[in-house]
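Visitor: Assemble chain B onto chain A, guided by the hints.
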Amino acid sequence: MKTTLLYIAMMLALVVSSCSKILDTTPQDFVSPVNYYNTESELQSALAGVYDRLGDNRVYSQGMSCYMVFSDEFFMKNQTSGMNANIVDASTLELNRHWETLYTGIERANMLLENIDKAVKVTVEKRNEIKGQALFLRAYYYFLLADEFGGVPLKLQSSKSPEEPPLPGTPLKDLYERIVTDMKQAEGLVKSISDYGYNTRITKTTVQGILARVYLTMAGAPLNDVAKYADARTYAEKVMLSGLHSLNPDFKQIYINHVQEIFDTRESLWEVEFKGVNQGEIQEGGMIGSYNGITCGNIEMGYGYDYVHATAKLYNAYANGDLRRDWTVAPYRYVTSGQTAVRTNWAADQLYDRSNGKWRREYELLLPRNQNYTGTNWPLLRYADVLLMFAEADNYTNNGPSVNAYKAINMVRRRGYGKDVLVPDIAADAAANLSQQDFLDLIRNERLRELAFEGIRKHDLVRWGIYPSVMQTQAREYQTNMPTALKDAAVAQAQRVTDRAVLFPIPNSELAVNPNIEQNRGW
Amino acid sequence: MNMKPNLLLTVLLVLGIPLSILAQTVKTITGTVTEENGNPLPGAKVVIQGKTASRVTDDQGRFSFSNTKESELLVVSMVGYIGKTVVITSQNQYKIQLVANNTALDDVVIVGYGQVKRKDLTGSVGSVVMKDMEKASVVSFEDALAGRVAGVQVGSGDGQPGSISNITIRGGNSITQSNSPLYVIDGFPLESPDNNTINPDDIESIDILKDASSTAIYGARGANGVIMIKTKEGKVGAPVVNYNNWLGYQYPAKQIEVMSPYEFVKYQLDLNKTSATALYLKDGKTLDAYRGEQGINWQDYVLQNAFMQNHSFSMRGGTAATKYSVSSSYLDQNGIVINGGYKRYQGRFQIDQRLGKNMRIGINTNYTYGIKKGQIANLTSDNLNSSSAGNASSYLMYSTWGYRPVTGNADDENFLDQPFDDDVAGNTDLRINPVVNSNNLYQYAFNKSLTTNAFAEYAFLKYFKFKVSGGMTDTRLVFERFNNSNTAAGNPRTVYGQSYGINGSLENQNIRSLLNENLLTFNKTFNKKHRLDAVAGFTMQRNSMEGDGFVSILLPNESLGVRGLDQGTILVKTTSGTYSTLVSFLGRVNYTFNSRYLFTASIRSDGSSKFARDNRVGYFPSGAFAWNIGEENFLKSVKAISSAKLRASYGITGNNRVSDFAYLSILDQEVGANTGNTRSGYYFNGQYIKGTVPVGLGNENLKWERTGNLDLGIDLSFFKQRISLTADYYYKRTTDLLLNASLPTSTGYLTAFKNIGVVVNRGLEFTLNTINLRTKKFSWTSNFNIAFNTNKIEELNGDQPSLITRVSNWNANFNNSLPYIALPGRPVALFYGYVFDGVYPLSDFNVLSNGSYELKPDVPNNGSARSLIKPGFIKYKDVNGDGVVDANDQTIVGNPNPKHIGGFSNNFNYGPFDLNVFLQWSYGNDILNANRIVFEGAEARPSLNMFKTYENRWSLENQDSNLPVAGGYGPNVFSDRNIEDGSFLRLKTVSLGYNLSSTVTKKLKIQSARFNVSAQNLITWTNYSGLDPEVSVRHSALTPGFDWSPYPRARTITFGMNLTF
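From first to last, the protein sequence lines are chains A and B.
Just so you know, we're using my numbering here: the first sequence kicks off at 1 and counts up by one.
Just so you know, we're using my numbering here: the second sequence kicks off at 1 and counts up by one.
FYI, nobody ran anything at the bench for these hints, they're computed from the structure.
No residue lacks a Cβ here, since even glycine has one placed at the ideal position from N, Cα and C.
Where hints are given, some of them may not hold.
Claimed, not checked - For the chain B half of the interface with chain A, some residues (derived, Cβ under 10 Å), not all of them:
1) N439
2) N440
3) Q443
4) Y500
5) I603
6) D668
7) G691
8) L697
9) T745
10) G748
11) T751
12) P801
13) S802
14) P871
15) P971
So that you can see chain A by itself, here it is in the shape it has in the complex:
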């Protein structure tokens, strides 16, 4: 019996000693951050994750091309519920996801930036190139957040534990200072667009162009730091002097290029790259052209949801001879019956029935088409925008338009009229000797004409401090002039843009668990 006990005791001792070994488990189907960020391909893969957020549904694939950027250029046809109808509160799912998407982008960038120097085998030059892109993208995501939500938490370190105390909001001024600092640092790290030959990477002129946009934003509402006009002018000018960019002579070709996934690096400084129709393993298609395209009920022809409709204000903003009008505001739709769809023009007085016509699915090269998904790229920065930003900043800094400001705006206008951008043209050119205010008004309208449906209009109206007033005017205009069948929904959408709407509410997914942040005024 003693031997039995001894045997048991021995066995137990053996077992106990191996316990802690048994409990040391290692994950089998994911890696831990400590084991990653060593090789160039690992760094590139981490960087791709940072870029990825641009193409999310709640960023540029869908939301920021329409329902997140309600403005005077469009309304969402007969949409009466959800964010499609501009109904927003802190619990709105799209808004929560939007915020979360941007902050996951920031977290991804933080992780990469913290770990990148572990990759000692990767050359410093290569690391800098990657670091610059990540740094810029993080700053860009903060720029979007600041623009949409105001003084959001500024988090420059990756999360280490769920028990870290929640961050408070950052004063807007500090947030912008950091955005500018990071973008300027990135400017010195990233490469030139000519090194790539395509425009979906962050390059020097992209950084400069976006810096111009950031400075213009700081110069306007709500910061009204007018000293920044000069910086905006400087950075826009840097792009102009780089010699890398020029206007595409054919306005509509810009968008056909987007649809056909052709990179025009001269006109288009930075685009979100979408590809494919989400068929198969890699799903990187966007909804540009389907969600915000020309109405069409037939998939083979190129399906278009009947949502984003141009306003009469937009249509009427174009003078005769401005070729941009009938490209931007589609003069036709596809009338579908059964399996056929026929291209049918709108009558001259059907102003509110017209869709956004910029990205036309009939030009898609990848067939068969998919109902929802397209490979159409989304423009984030075009040279025309840079020229108009220059003109706007110059008009302020010189207390009126200089020759260079005129030159910049006229280039854009001449192209719009189908003219040579360098040859003066009576019909196309802006009236001479405009006052500072008149020139500013011209710029405001020119930006509407040139950049309509490119997701920038709301941003412009907000920084000019006129978003609520313009939208309330629109609501009255819809009430008076819109056909009955369209009116109710559109009026309600525009009416919802009250003073509080210059900022979105801080979403519940932040607010509910962050006692250190305050809800935006009015929400």
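Guide: Chain B in isolation, oriented as in the chain A frame:
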């Protein structure tokens, strides 16, 4: 010598006359042991007091002894019966009747790592009365468990065959994690077994450990309670061969009435006169012409009466050295929804062999092959994997209720067979014919589950036993799906079909658990008064799961089905693997003094790989005291009381239901197609670079969740145990909750695990067993139980004031409305929403000069823009009185938690007949009936049929109605309009049996034969308007009681036969 034997004995003892003096000559006696109704009782144990020889009755209940003397005592005992002592007289033949032991004080209760007699129990353990439960002809024991044991809440999500129930014992401790109990099947602890793999006929006993003194021995996994299942073993005696068979059919217990063709067309005209006129009033047809039309009630075509059969065969027996049990069963259940059902093939083998004097070894092996077929009713079917929402039209019941009853065309005949409703809105609003879709879907889930346990037990030093056991459960799940061109996911016109063409998928999962247990037990009685039994043990368990699978799209040969997947474009769906280990030491001591004072103390230490090194080990102690107060003299004299026991216990239990590596941060590359929002890579110049991104934030500090559990109980029985009552009060406080806590999303993460939050559950439980009537011919016994639980959050994620929860995957329009709220001071889940206030009457409006209506300025809106609101539109209360109805007007509108639940089982015996009537209820819980939101006006899609109730909607002619006008549902929000009382009382089982008399069975050369007819879900009394009040299709602690496109509940009638040879 005609005195009663007991009295004689007493007299003899009092006189102090040595028994041996009276002893007569040695003789042989024989006897039979029977039940009260005369049926023989095989397997009863008969001993002569003071002697070692013992007998077990044979299949005829017979026994015999050769060397007996008069005045010796025959002691007859059998589990489930009240033991009897008979004095040997001059007679040589004895007929001994045993009375079934309703109170079961001598019943053995299976507890963790051991078993005790109920009367020696210190903890709170509920036992299922198996002979009642066996009366229900069910696929899985889970289907019959509801209402059997006080405090055990069992709910199935809906009526889907082969689905798994949600079982909660004494209220849920956890907010975000699973509250399901630990299952210990023949000693093998498993956290989430598929209980469909157990043949209910194989089950010997089900005991439910509820308080800490009984669950703490399972330490880190005991906090949610433990369900102990023991399968039948062989018994000493001749082989007992049993064949149990039932055949039956099931039919839908209820249909929801939808609109008739006339009502439907009328509604369409109300909704949109122009388009409805074009569709339905073609060629001069009038609305009235639809009055006579029958139309198609799609429920008649999608639902069916379904056949069901079960054959179960067993052979059990043994000798003193060898006991064996073999059983095998086949079950085939057709679904009451077409093209679906569940099938099971099962076999079990068990052997227990004695080797020499001290050694015992055994093996218990079960293999089950289960096949589930058909679409999951409450998930969309137009998807490659049903985890994400697709087109609402492909929810089974949505398409069945909503598909229109008439087309308006003269020739309607093909409508039943056309896959799509072409007249309706084309591609933007594709409608799928539910019959065609269901018939063409190929969705199978195969479950191959092997369980095997082996043990060796060695007895030594008289009081010690050492037992080593090893076991494995190995479950292989295979999911096969195929979407042909007539399905919602494979037709080129649908969103998925467009992208993927004809498609299909195969997925394998392998879930394995390995177990080793080493137990040392000690059992000794000292000086007749002190009984000590103790167990100490060491166990190791490893759980792992591996998965892989692929999707194949654009398949060229539709006819090949799932075996032709190799011809398409293959996409990786998943390859995954994870595992965890658990190493534990345990110990327990039971000490009984004088059968009156019972003490139990136990401790377990668990080391789990789920936590970081410093936090791995947790200690879970418990202590209990019970006082058999009935044994005390002052109560012994009270004749009415036959036994009384007071119990008290306290202990700490844990919960480790977190993912295997929750303490680590996770970097992952995007996974394959169609798996949600994980597109983390990016194209650069047409070249794709996969993204590697952080997807989970680890928490190095994670540790065990702890539940302190106090139980105070009393067991009383009266009048010779004719009435027995068990009552328990419990208080459970769970701290350091393993909470999948919401993080501020500025962290870059939505949630991560934290030990935070406090939840309290407390309640009362009563179980009453009574013998209401007992005459020679007739008896009526009953079991009644009721449980009251209140659940309260004391603290939620630090300062987080509330947690509101969305119900995902039901209707994208409602994504911005969150119908559940968790608040400190309140139960874990409450319904949250707007307060319904009828509809806007005409008096709320000013009439404008052009005849249109404008809401009066002092009348609040309903969440929609004021300009959109017309008379008859839905109205909500402006709760905060700010003149505007918006998200701030949401409030608590219902409580999904029942006030009490229970069951009432009755057995009637009359001669050869027996009748079991079992009632089960839930009282005071609310249900969110989302079907009624959609089908009473909210989903104003053209040509979507509505529930018949919506016929009574508001209109200028019907201004008294509370139902919104056509198209007047307003914003997509939840309100108390759709919260309904979900209380119900269900006649769950009625079973009438007939036992062939022994004269007939003798002629037929069989031992016994019983025939029965039984019914499940015969009647449900409820005010709930949906298909069935036992519903929770998105079940979690935070989202109980949500009803959306449920699989209809079946009513089942079976005819059974049980033959023993």
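Visitor: Quick check on L697 (chain B) please, does its C-beta sit within 10 Å of some C-beta on chain A?
Guide: 5 Å, holds
Visitor: Checking hints one by one. Is T751 (chain B) an interface residue toward chain A, by the C-beta closer than 10 Å rule?
Guide: T751 (chain B) check passes; min Cβ-Cβ to chain A is 8 Å, inside 10 Å.
Visitor: Classify the hint on D668 (chain B) as holds or violated, based on whether any CB of chain A lies nearer than 10 Å to its CB.
Guide: 5 Å, holds
Visitor: Would the hint on N439 (chain B) be counted as holding, given a Cβ-Cβ threshold of 10 Å to chain A?
Guide: 25 Å, violated
Visitor: Holds or violated: the hint that G748 (chain B) contacts chain A, with Cβ atoms closer than 10 Å.
Guide: This interface hint holds because 3 Å falls under the 10 Å limit.
Visitor: May I ask you to test the interface hint for Q443 (chain B) with respect to chain A, counting a Cβ-Cβ separation under 10 Å as satisfied?
Guide: 22 Å, violated
Visitor: Can Y500 (chain B) be said to touch chain A, with a Cβ gap under 10 Å?
Guide: Constraint on Y500 (chain B) satisfied, holds at 7 Å.
Visitor: For the restraint on P801 (chain B), tell me whether the closest CB of chain A is nearer than 10 Å.
Guide: 7 Å, holds
Visitor: Would you check whether G691 (chain B) satisfies its interface hint, that is, whether its CB is within less than 10 Å of any CB in chain A?
Guide: 3 Å, holds
Visitor: Would the stated hint for I603 (chain B) survive a check requiring a Cβ distance to chain A of less than 10 Å?
Guide: With a closest approach of 16 Å, the I603 (chain B) hint is violated.
Visitor: Does P871 (chain B) hold up as a contact with chain A if the rule is Cβ-Cβ below 10 Å?
Guide: 15 Å, violated
Visitor: With 10 Å as the cut and Cβ atoms as the points, is S802 (chain B) at the interface with chain A?
Guide: 7 Å, holds
When held up to the earlier numbered hints, the structure conflicts with 1, 2, 3, 5, 14 and fits the remainder.
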